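Participant: The primary structure of each chain is shown beneath.
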Amino acid sequence: MLFSMRDSRFPWLANSGRTGEPGQMNFPLIGLHAGLGELGALLFFWAFVELVGGQARNVRRARLAVLLGTLFLIAAWLAGGFYYVEFYGSEVKPLIKEGPMPWAHGVAMETKEHVFLFLPFLGVFAWGLMQRLGHVMDTDRQARAAALYATGAVVLLSGTMALMGFLVSSSFRAALEAML
Amino acid sequence: MRMIGIKGYAYAVHAVVWFVVLSTVAAELSPAFKALLAGALGHHWIAKSDIAVVLFIVTALFFGRKNDPKDVPGLVRGVLLSVIAGSVAIFGFYLLHYLGLA
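Chains as they are written, first to last, in my numbering: chain S, 1 to 180; chain P, 1 to 102.
It is worth saying that the hints were derived from the structure and are not from the lab. Wrong hints could be hidden among the right ones.
Restraint-style ranges between C-beta atoms, simulated for each label pair [stated by the list, open to error]:
| # | chain 1 | residue 1 | chain 2 | residue 2 | range |
| --- | --- | --- | --- | --- | --- |
| 1 | P | Phe-62 | S | Pro-100 | 40 to 50 Å |
| 2 | S | Gly-159 | P | Gly-39 | 48 to 58 Å |
| 3 | S | Ala-145 | P | Val-58 | 51 to 61 Å |
| 4 | P | Ser-30 | S | Arg-141 | 24 to 34 Å |
| 5 | P | Pro-31 | S | Gly-53 | 27 to 37 Å |
| 6 | P | Leu-99 | S | Arg-141 | 37 to 47 Å |
| 7 | S | Arg-60 | P | Ala-40 | 37 to 47 Å |
A quick note: this is a predicted structure, and the numbers were derived from the prediction, not measured. Cβ atoms here follow ideal geometry from the backbone N, Cα and C, with glycine treated the same way.
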């Protein structure tokens, strides 16, 4: 690997002490992952609302929102993936598995880390729809319905990811509390 | 440059979804396969992610020349059905796996 986040050159990315030590901010990357993902979802929701409006100017804004939303989802994928590979498996997973909510890793995290992979591609698919059919969406109800389905699905799937992320974070906190 | 048709994107999402589902289940059931993925790119999840990107691009380009269908909402519903079925399959598999039934 080119560099590690545990590398002293990047102390602001790394956990500076024992995992979960009181008073320490653990893993800023997970906040970045969640923030980027939520912004991505919000942009797709914006696109969905614009598409409901259905005027040409709405569709123009929806196209921009879908493009930005897809980029945010890709950024969330990179941030979350980096965190997952560098920290989660070695420092968080063992604690969750030993804690009071081990299913949060076994079911929620395992599902999240794989189903999340669908999201950026679904975003690109929605962007492809907007590129291909955006110019007729103000008059063609079928084309607009297709874009509404796609953007709505990204919003719902992103919400499901956020819920699973909440479960995993809660299970980590519960594991830390059990250690006190 | 010709834009990629909607079918290209749709088939690419189908391909990625079912690749992720099958490779995930296979990696959990076969440690050798998981090790192969990890050995190739350092981590099984990175390997799946990278292969998914390549698969998406190749499939989209391969089918991108097809004409757009008349029933675009139907095509999108098919994609969403694939995503929902793939998500349920992964969740169901890990639930059974956690319970020791898979």
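Participant: It remains to establish, for every hint, whether it holds in the given structure.
Facilitator: Tested hints:
Between Phe-62(P) and Pro-100(S) the C-beta distance comes to about 49 Å, which sits within the given range of 40 to 50 Å. At roughly 35 Å, the beta carbons of Gly-159(S) and Gly-39(P) sit outside the given window of 48 to 58 Å. In this structure the supplied range 51 to 61 Å is violated for Ala-145(S) paired with Val-58(P), their Cβ-Cβ distance being about 29 Å. Taking the beta carbon of each, Ser-30(P) and Arg-141(S) are about 48 Å apart, not inside 24 to 34 Å as hinted.
In this structure the supplied range 27 to 37 Å is violated for Pro-31(P) paired with Gly-53(S), their Cβ-Cβ distance being about 52 Å. Checking the proposed 37 to 47 Å range against Leu-99(P) and Arg-141(S) shows it holds: the Cβ atoms sit about 46 Å from each other. Hint check: Arg-60(S) to Ala-40(P), Cβ distance near 43 Å, so the stated range 37 to 47 Å holds.
The structure does not agree with the numbered hints 2, 3, 4, 5 stated previously, though it agrees with the rest.
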